[in-house]
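K.L.:
Use these hints to put chain S onto chain Z, whose structure you have.
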Amino acid sequence: MIDKYLELCGYKPEEIKSQLPRVEKAFTILGLTDFDVERGQERISGFFDTNLRGVRRILGVLVRELVDLTLAKEEGGRWIYSSPPSACADILTAASLGNKDIHVAFPDLLFVLTMGMMFDKLDPIMEAAEGLYLEPGMAHCSLIQTRLGLYARNIIPRAVLQVSVGLICDENPKADASFEEFFGIPVQYLLRSQDKDWEESGRIQRHIDFLAKNLKRMVERVGEAAGGEITDDMLNQARKMARDFSKPMRQILEMGVNCDPPPISSAFVHLMRAINGMPLNRHNHEIAVEGANILCQELQERVNKGEGVVPKGSPRVLHGYVQSYVDPGIVVALEKMGISAPIEEVQLYEPDGRFSPDISGIEDPNYRLAAVLTQASIFNSLPVKSRVTIEACRRYKLDGCLWLVHYSCRPIMSDSYMMKDIVQKELGIPFMVLETDVYDPRYNRNRQLRPQLEAFAEMVKSYKASLG
Amino acid sequence: MQIFEKITAHLENRPTELKRLKEKGQKVIGYFPGDYVPEEIIYASGAIPVCLCHGGNPRPVGAALSVTTRFICPFARALIGDRLIGEQPLYNLVDMLVTPVTCQHLRRAADIWQHQSQLPVFRLGVPMENNEQGLKYYRDRLNDLNNKLQVFTGQAVTDESLWKAIELYNTLRSLLKKISLLRKNSAPAISTIDFIKLNHASFYADPVFMVDILSSLIKELERSVNEDEKGDNIRLLITGPNLAFGDYKVLEIANELGAQVVAEEFFEGVRYYWGNVEHAGSPVEALANRYLANKVPNGVMPAAASGRYDFIAGLAKDFKVDGIIWYQLLFCETYDIESYYFAHKMKQLGIPVLKIQSDYDVLDRGSIKTRMEAFVEMLNKERSSD
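Top line first, the protein sequences correspond to chains Z and S. First residue of the first sequence? That's 1 in the working numbering, and the numbers climb one at a time after it. First residue of the second sequence? That's 1001 in the working numbering, and the numbers climb one at a time after it.
If we strip away everything but chain Z, and leave its shape as in the complex, we get:
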């Protein structure tokens, strides 16, 4: 059974032969039965187009990362962890380049994408966190719950350093502080102040200065934990590795935006974006790059033939703020209703996105990264975000906005209704806010959202028809 699963996840025959014992051991530790593996096959085949070789190869990267981290307690090595947003992914990758004994991961996101999305077996991990101290009913961030659950169930080794990113939320650093106190895991924080006034946009020097200094301290501390200095060369190499994957991924994103119909479901593009933000084991990274390049070619062939996930001329909507990590079925269902969602709001602000951050004339790498991060989607004020959303809807002739609100994320969820108000007043297009949990499978069932989604699809189709 597991070999079939690995085949579906793009493992080559010789890789299955050599890796099967490790995979079996890891799956046993994780409590994955034959039934779970079979169900896992059905799930990923339902979410993604596994006829595409590139898709399968990329899915395999997640399985490999899961196996590596699950067996880490047996196989040894020292681990440095972080979690989204991926502000420090390159720093972590650089640390692993300088020392073969150092491994890096975003364990929470990895388990959401594998145990959650692939196998639908995240519940026991979430419940373990609730049993300890992240009680249910408080809308705690489910990504943090996953992290605590992994420690509570003793699945992953304790990190030699937890890189805590508090750029957006308060809960992430507070939770990491509690892990330090309870599990003795040292923490280095990456913090900033979220005091952008509504009239402020673009580069805010006080934010860039503050964050760049924090980033410098972060590089030093991660280097200390890894047992050696992180040099500029190592950082550049890590960034080059990231670009090796993001370059074909960007081409795929562009195909989604510019081609009618889009050649692949945006659910998979979203998954690629998630992987792009994670630090990967070097060997797994090479497989991810190989998979992305293969996929790029396969999709180009589809574009040439005019094939896609919806009929040509179908309505298109903007997806904000992010898609569900644990259940891509929401987007797949929308596409089956004949509506594509080829653009995510967050990607509009990325360095090579349509509303790129201004980093001209900044040489220092920490200041450049700080400038990018402080101009990213979530860091902008509501007027700036709504202006960009309105411009994007006009530029790409979009027929609606679907806002998936991760309700346990306070920074994201609380301005969605204001955004809806502004965009609808300006453009008059359908705008649907769906409250869900993008990481916790217990509160994210696309079937529960289906009636709202169907209503939205009808509204979008009527709107498009009214344009003639």
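To be clear, the hints were calculated from the coordinates, so they are not data collected in a lab. Just so you know, even glycine gets a beta-carbon here, dropped at the ideal spot from N, CA and C. One thing to keep in mind: the hints can contain errors.
To be verified - Covered stretches of chain S (in silico footprint by chain Z; criterion: 3 or more residues with CB under 8 angstroms from a CB of chain Z, positions within the stretch not fixed):
1. 1067–1080
2. 1109–1115
3. 1123–1134
4. 1335–1349
Stated by the list, open to error - Facing chain S, a subset of chain Z residues (Cβ under 10 angstroms, in silico):
5. 139
6. 164
7. 175
8. 180
9. 195
10. 196
11. 206
12. 407
13. 417
14. 433
P.N.:
Relative to chain Z, chain S alone:
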């Protein structure tokens, strides 16, 4: 006490008074609590500082759901709802809002105020770390606030006017602290509910009036203190993120149960009046030191916990409390994380902790009372077995 009647009358007339002052050209600057917005800067600019700290009423909390989700805390929803339904007359007199960016809940409440009313809002960045870099950032933002207020009010702020305002608020805080410390006695001369009402009144009232009235009150209370009188009620300390003006449910229940809350550690409690601004360096430097560096941090800050445990344990010892009530609001995620460790630490010190949570719902009262009743009974048993 006639003094309380005077305060009540002053607060009742305050909206009319502020309207009159606004007509004469003075500006009303509202700010959200958290003890990070120095009233001194607002006062020195010739404007009238008003801390917006009403809560406890479910009506505005429900009204806020028309513009936001339910997953932000009831205090932030009350701030939004009170402005929407106009139940708090002072809220609609505000010409400009200053919000400390301490948590996502207050941050979004300010966004909604601005979106709904186009009111100018100044967001005062509060770095989540208390170090040299954080202090510099905060000091720079205080300077920005100072400059913005001068433009907004048209009145120049000098070092002299800032030091004068600092002196006034130092006096106010000292008086509140002096009254607060009277509660260390086994038979306190003032109940905590009255003290908290005084403290809350100081956020809305004219500070000169408050200094005057608190000075009279202290004389009266000192006369009534009887060192020989012994109270035998269970003594409680209450702590958590914030205790809003009007959110007196837990204090009332404690009274009903024959227990006494004798100390409070909240944004609008001890954290406000415990420390004064020192006369050193420039006034803005001195304010930054007082409001960020030299105080017990709030629980939102990641590395705040150990400093807070020590401070609260010290208060518990000084005020001779039998137990602590951790009072938090629904969906306040950072304090909820800290509550677990707090209870754990206090247990090591032999201080029992009861965690209570509220959504400002009227239905809360029954379950809170049952839990507090059991807690007080347990404390009584512990005391009698000692």
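K.L.:
Now tell me if each hint is right for this structure.
P.N.:
Hint by hint, here is what the structure shows:
no. : hint      : verdict
1   : 1067–1080 : holds (count 5)
2   : 1109–1115 : holds (count 4)
3   : 1123–1134 : holds (count 8)
4   : 1335–1349 : holds (count 5)
5   : 139       : 5 angstroms, holds
6   : 164       : 7 angstroms, holds
7   : 175       : 6 angstroms, holds
8   : 180       : 9 angstroms, holds
9   : 195       : 3 angstroms, holds
10  : 196       : 7 angstroms, holds
11  : 206       : 7 angstroms, holds
12  : 407       : 5 angstroms, holds
13  : 417       : 6 angstroms, holds
14  : 433       : 9 angstroms, holds
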